[in-house]
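**Q** Taken in sequence, the protein lines are chains A and H.
Residues 107 to 634, numbered by our numbering, are exactly what the first sequence covers, in order.
Residues 92 to 342, numbered by our numbering, are exactly what the second sequence covers, in order.
Among the hints, erroneous ones may be present.
Stated by the list, open to error - Here are the simulated DSS-like pairs of lysine-lysine, each with C-alpha atoms no more than 30 Å apart in a straight line:
| no. | chain 1 | residue 1 | chain 2 | residue 2 |
| --- | --- | --- | --- | --- |
| 1 | A | Lys400 | H | Lys167 |
| 2 | A | Lys622 | H | Lys160 |
| 3 | A | Lys489 | H | Lys148 |
| 4 | H | Lys118 | H | Lys314 |
| 5 | H | Lys208 | H | Lys118 |
What the hints assert, rightly or not - Label pairs and their in silico Cβ distance ranges:
| no. | chain 1 | residue 1 | chain 2 | residue 2 | range |
| --- | --- | --- | --- | --- | --- |
| 6 | H | Glu286 | A | Ser125 | 43 to 53 Å |
| 7 | H | Arg105 | A | Trp214 | 28 to 38 Å |
| 8 | A | Ile431 | H | Asp112 | 55 to 65 Å |
Read the hints as simulated data drawn from the structure, not as lab findings.
None of the values given here were measured: they were computed from a predicted structure.
Beta carbons are placed, not taken as given, at the ideal position from N, Cα and C, and that holds for glycine.
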Amino acid sequence: MVRFAFVWKLFRIHYHETSQLYVRLHSCQTKRIQKVLMILLLIMSLCSFGFVAFINALNTLSVAFQYGLLTQGLCFMYLSSFLILFLLIGLRMDTFLYGGESTLLFTWPLREEELFLTRFLYVYGYSLLVNAVVLIPLFVSVYLLTKVTLLSLFSFLFVFFLSPLLPIALGIFLAPLKITFVNKKPFLQYLFVLVPSFFIGFLVFMGSKSELGVVHEQQVLSQLSRFGQVFFFYHMAQSITCFFPCGTIFISASLLLFLLSFSFGVARFSQDFRAYHAMHTRKRVHTSHPLENKAHTPFMALYQREVRTISQSNGMRLEYSMEMILPLFLLVLWSLGGGLSVSLSLAQVSQESSIENLILFGVLSLLSSLCLVSASSVSREGKTFVLDTIFPVRSTTMIGAKTLFHFVSATIPYGLYLVILFYWQGQIDSSFVVYCLLFVLNSFSMCFWNLAIDYRNPYINWDLPIQAMKSNMNVLFSLIVNVVLVFMSIGLLFYMKGLYPLVCVFSIIHCFLGYKVCLHMAIKQRGV
Amino acid sequence: MIELKHLSKRYDKRSLPAVNDLNLQIKDGIIFGFLGPNGAGKSTTISMLNGSLKPTKGSVSMNGFDLQKNPLAVKKMIGYVPDNPLLYEHMSGREYINFVCDLFEVSALDRKHGLDKMVQLFGLDTVIDQKIRSYSHGMKQKVCIISALIHHPQILILDEPMVGLDPKSSFILKDLMKRFAKNGGTVFFSTHVMEVAENLCDEIGIIKKGNLLFVGSFESLQKGRCEKLEQIFLSLTGEDDIEDEVEKSLW
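Isolated chain H, as found in the complex (with noise of 0.2 Å):
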């Protein structure tokens, strides 16, 4: 389970804070999308909740741990896969996969076993033992997402995870994670593709400027009306008007 506690981030005291008093609480076995229009404070969330980035006040806590007081016990709890994939160019697929695996410690046998299933499945295996410098941004972020699953974390934290990745691997993360859900564990992920959205979470979270607009289940938001997700996620953000806007622009 996540929660999230009064958690805000102001990264400079005279600005506006980028996450305002954010309370959170995401239970066991639930696909969390969390939205936003650009800037609205998710990557700075999902900083906070992976302990990258220190939290201006308030607090997280994870299956009962607090961040701050544990962060090393949450932080192996932790999957975590950036927006923009994050590694070590000079080192092999493999090599990387192989260096998380050290520092979570996980066990020769059960590296061996899941590297390469993982590494089959995501259609890696003719490239895992290059440089990871060679990779496409698609390959690279298979890599992040392998490395965020080898160590069987209970979290899982995506910030765009399906960013530059073949409809294939965007099949089977999604299958992944509805896996990972079924089996107790809480995925926390955000995304600018509302189809996905829609079809994926359990639960939504709409965020804008740093304050949290909508929490709860799709069907909730839609309160009985046959709006889409992104009709809603316009209006609920005052973004309702593009169309117009775009033709006065262009036209």
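Next up, chain A with everything else stripped away, as it sits in the complex (with noise of 0.2 Å):
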């Protein structure tokens, strides 16, 4: 039997190790005016994501309620909401096998369904957070478009309720398998990006078939003429008017599948923990490199061991990995909900190519800001921070070594982006050369605040090193300046056709700025 007062313990135990929030709304040395600021942002965050997931229901099921295929539209979005699911995770069980009681955990007498427990009730928690921002916007524009009944709210709380089942289950599923081969093969983890990115590449290419510009009903048309039957969503999206049998067909499914992966995941608990933390302790690594004394300048050595702290774990690596495909990966889903569609028509119907030019350069800022390679530069150090405070270096020396790693690893291929996305659109002009100007000046500037913020508290005490990128909490509140930063290019962009110089005179001071506070901050830190 299952003690359910030890589950709910360990459970607290692990989500207090794991949940960096909870750790840092918990610190005595986060002031409370933080704490609130923490919790608004956080809301802030959830409630934007849920807005853009409601535009986008409301603009598939609206069509789709016009044609009256609701249920197709129903069922499109929940196989989208699944593969949400699933990437964010489904494919990242094997991170839910650490936690801060690990070196403890089978000295206890505690039995292996009970431990695994526990970490089910945690992602599963995490699930349904993830299913709140995505889920309950759908169910708003349903209500919107259709009358409430009792049996429909039914359906949608059992959708809500066991929706994540199925990614859990397969991420359950291929945990072991993931394990395994990268335990063998580091750089096997990238099939785990790539195959889903190949999916989902796949799922556009079937489901668009029109071309940039085309009328975007059409283009939800097609897509749930594709993918609005797929079997178990199709059960799913059919309980709302028919829960007899469909509604029953998709709980005793979920279920089933729960039963499954649950004995599954029991039985292959202990191994599976035990070769996950045996990738990250004792592991007799020989170094690539040439087994030479070669001698760097300070800058350099920096700068390399930027590169090597993120090229060196796995997890890092990956993280990084996915934050340079994530224009691909956005742009795919933006297609999808018709929104690239629209917003290029709408720059063609205004027949200004600047409109064009500025979508472009606000897109690709924006994603270059949500790289997390400065964000996350000082905290990626860990407790190892300490030497930093100790080596006789200069704080200019130390923000120029992260900040041109910045500009390898973000700017550069960033930069790339917009050149040939600006190509490919034929808007390569005389103004081109100003976007890529002030494309690199913002770039800069928003290392620099990034580096600050991060200077200013970094998040030192992680277990795991991506947890340093994943849960920092730096990095939310950088998304949200490198954000307002790209909003005021845009918009002095927009407003002041032609007079570039002031422009750039602005993007100089607030790049000035950024260094400036970024030397006190890290001088504060470091003391030199």
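Assemble the dimeric complex from its two separately framed chains, guided by the hints.
**A** Put into structure tokens, the structure is as follows:
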């Protein structure tokens, strides 16, 4: 028998140890105003994601409703929400195998099913949070289009609570495979990013025959005709009108999946847990570098350290690669929702290439601001950050090395995206140089502001390197600052048509200010 | 020479100071042992000495350079070994030592000569090109010691340096410390091992709850009595009835 009191206690320990939000909110080092700001920011970001989900759902469902294809529309939206959950949670099940109590875990008199249930609850709770952002806006848009019935409400409740079971189950089945592969050949981890990316690309290719600028409705209908009747999701969608038998089929299938995955997970838990932790502990790894004592300047040594910090950690490397393919992924999602077609149609209607330029510039700048390279640069050092305070190196050199790394790993790749997209759209004209210059200036500015935020209160007490990037509140603060900076630039570019030098001067000013604030924070932390 | 003047550290305005008005002067060529029970303020003092922690009050100067005013000059003359070996685990031992050499601007020739000798001395020659994450605690400690010595510092600051070291390495380290002091360098180190302090140190400082209880040589601490340092330490820190306490609580 599972002892639920133990499970609950373990769940709390696991949550307290792994949730960065909890740690920050309960830390005596965090001031009350910071805590309030943190909660507000979290609510704001959840609401903004929810709003985007709502607009997308309303767009798709109104077209589907107009043509009498509401069930297909819902099915398509459920399929999308499954993909989101699968990418966010299902593929990262292995990361839930860690925890603060992990070193003592198997010395305690606990059953495997109790341990596994702890982890399962954690993942399930996280999935419900994602579901709240994705599915509640979807439910609201359905209620705006149709009548609310007790049956539909009932159906949505079931969908809300049971829909995470499929991605979690797939994650549980995939986790041992992933651990085994990655343990043997670390580069295979990319397979787990590339395969779903190709899968989504394939979906887009199949669903969207339309060229850019084709009417939004046709695109939605084309997608619905292809993806509106996928078996499991179709039953989920149909349960809104026909609970028997569709709803019952969906519920039984979900519960069966839960039972199967749970039994599989329990049987594999200790084996996977040990294999996972073996990946992160002792390994006699020979370096591939030549065994010579080559001298570098402090600047280059620090730059190389930045490169190695990311390149030598599987988690960080994966995170960085995902950031690099994010523009493609988001463009794909945007085109799936019809947003890209609508935006570019609007630009064509207005017959102004400057608006197209502005859209591309804004999107690419925003995406480059999503890059976590500088926002977690100090936190990535972890407990070794104390070494930074001891080394006899000026903060200017330290910031210089981090900025060079940001330039090489974020500005250049995203700048290339910008050039390629401008070229593809045939927008290479005189203003192109200004856009490139502004892009570089903004990138430097964002880097300085992000470093300043991270230097102010670095998150260094992480257990796994990936937490420095994924569970770091500084990254969230940085994202907000970056969004503000990019929107200010876009606003100025839009309202000051032709006054490019003025916009450039503004960018130089906030770049310089960012550098000064960053330097101040670094000196405050390092004392030199 | 290390000079601490009215050095204080308070982590929280409402809490008691971790280090309270510490005044010390450690001359060149001296091995100074810093002793105290857990939570006495040893590591806080050491953190203020190496520049990783800013004092609330007071100043630290080394060889005439004030740490607050000339942090770069002071940091360049320090070799620091932390209590918990903090290293970049993704680097190999050699890469890490080379990285430290780069930051301290040690020439390629100097580092080659020094690194090979030290690595051999500490018996790391077979593992030096493996990733630090695969090292044991003792091996990491050895890398820390090598990287603290490789740039020829004038002052050596060590926080519990013997923890995790095998007897041979422990002996080598003690010998290196003696030679370092003999050549005019200053060694400031904290330890819980009384025998080491008794045999190695020219001067001893005992701290409890942030306050310095005693500074001076072991002989002046003994005051003609034939007691061991352990007994004197326990009576100074008010823990001399420890045997009775153990008896009461266990049996």
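**Q** Give a verdict on every hint.
**A** Do the hints match the structure? See the list:
no. : hint                              : verdict
1   : A:Lys400 <-> H:Lys167             : holds, 20 Å
2   : A:Lys622 <-> H:Lys160             : holds, 20 Å
3   : A:Lys489 <-> H:Lys148             : holds, 26 Å
4   : H:Lys118 <-> H:Lys314             : holds, 22 Å
5   : H:Lys208 <-> H:Lys118             : holds, 29 Å
6   : H:Glu286 <-> A:Ser125: 43 to 53 Å : holds, 46 Å
7   : H:Arg105 <-> A:Trp214: 28 to 38 Å : holds, 37 Å
8   : A:Ile431 <-> H:Asp112: 55 to 65 Å : holds, 58 Å
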